[in-house]
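2 protein chains.
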Amino acid sequence: MQVAIPLFPRFTALDAIGPYEVLQRIPSVEVVFVGHQRGELRTENGMLGVTCDATFAEVPAPEVVVVPGGIGTRVLLDDEVLLGWLRSVHPNTRFTTSVCTGALLLAAAGLLDGLTATTHWGSADRLNELGARYVAHRVVEHLPQRIITAAGVSSGIDMALRLVELLVDRESAQAAQLLIEYDPQPPFDSGALEKADEATKARVAEFLQSRK
Amino acid sequence: MQVAIPLFPRFTALDAIGPYEVLQRIPSVEVVFVGHQRGELRTENGMLGVTCDATFAEVPAPEVVVVPGGIGTRVLLDDEVLLGWLRSVHPNTRFTTSVCTGALLLAAAGLLDGLTATTHWGSADRLNELGARYVAHRVVEHLPQRIITAAGVSSGIDMALRLVELLVDRESAQAAQLLIEYDPQPPFDSGALEKADEATKARVAEFLQSRK
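In the order they appear, the protein sequences are chains A and B. In terms of UniProt numbering, the first sequence opens at residue 1 and continues consecutively. In terms of UniProt numbering, the second sequence opens at residue 1 and continues consecutively.
The shape of chain A in the complex, shown without the other chains (with noise of 0.2 Å):
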């Protein structure tokens, strides 16, 4: 089963990174990173480089797409190459799925028009733009249009386990989740925008600031 995983400039690591390393637990699955071409793509930061070892040309048929997000996605919203390839492939897919601001992508290749659908917090009036209808929820799932979004970066990883249940069963998920030891035990419960305080908000928003 072959999962592929777009990869561009200023990506957001733990967005591709949490569901593969779900899904590459699963002896049938083979995880291929895809993009424009062959080579390294550094995250949003330049801090990390992660190789992508295909054109989008040399996986026309992958079984599942896990799109992730981050910065980078800016400037993709009328990439063609990229969205062509998102429209070409969902038609055969068993599953087209999305994390954090991958959302938009999917939006902008035309494929949430009029579906419920979630992204990172601070991204849901563009999603809601590109036509799509963003919900709060960490995992957003359309069955019978074979769709999943996952909302900010590690929600990803709780989407893959989903998807491994989907895909092949419950006991294949379950064991992934105990291969990663997926028992999480935040320190802080600030990890939704409902149950930050203001405090926390203050500090997301010079943070943010610095890295423009």
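Honestly, I wouldn't trust all of these hints.
[Claimed, not checked] Taking CB as the label site, the calculated pair distances span:
no.	chain 1	residue 1	chain 2	residue 2	range
1	B	V81	A	R94	43 to 53 Å
2	B	L143	A	R94	44 to 54 Å
3	A	G114	B	D79	52 to 62 Å
4	A	G110	B	S88	53 to 63 Å
The set of hints was computed from the structure by calculation and includes no laboratory data. Each residue gets a CB set at the ideal place from its N, CA and C atoms; glycine is no exception.
Mind docking chain B on chain A? Use the hints.
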């Protein structure tokens, strides 16, 4: 603040990328991936390549070290370049940490002698043989010794949030949590050995066998 994450052939991606994704959200942090030589390193299964940007010699004084695990640790337990580097940098770090079987490398370097520590559940005995005392906790801290170990793979995310609290402050850690939307909602509860049922453990055994 420089954070060094060692890479080596056949490392586990999420062990490294989970903490990276948390730590890089802090504007004062610079993360550098370090290894025997610069260039691409592949994960256990070869499906993912990540760039090592600096040699150990080029990173002589990191303030934080996060050692990931992976099957590749097995051939590094007497690697004097890596172990020597760990011994040489530890006296001057603020924290020396590991995720998953990265703890075996800290132990092999002598940094866990007589200390309680954690690792992936599958490597508990090996950790004890190397002089540490395994405890089945998700994160084990020794603040006077400046040593923190995390359990398998995904636990590095929890550890990194705590590390930000220790290195900067709680608001910054909570801001990182909100930025990566770490509000885990795993669809199953099989992420720890004592929570997994027999069918899940049997499937794990099959998966491990098939990867040999």
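Of all the hints given earlier, name the ones this structure violates by number, lowest first.
Hint check: nothing fails, all pass.
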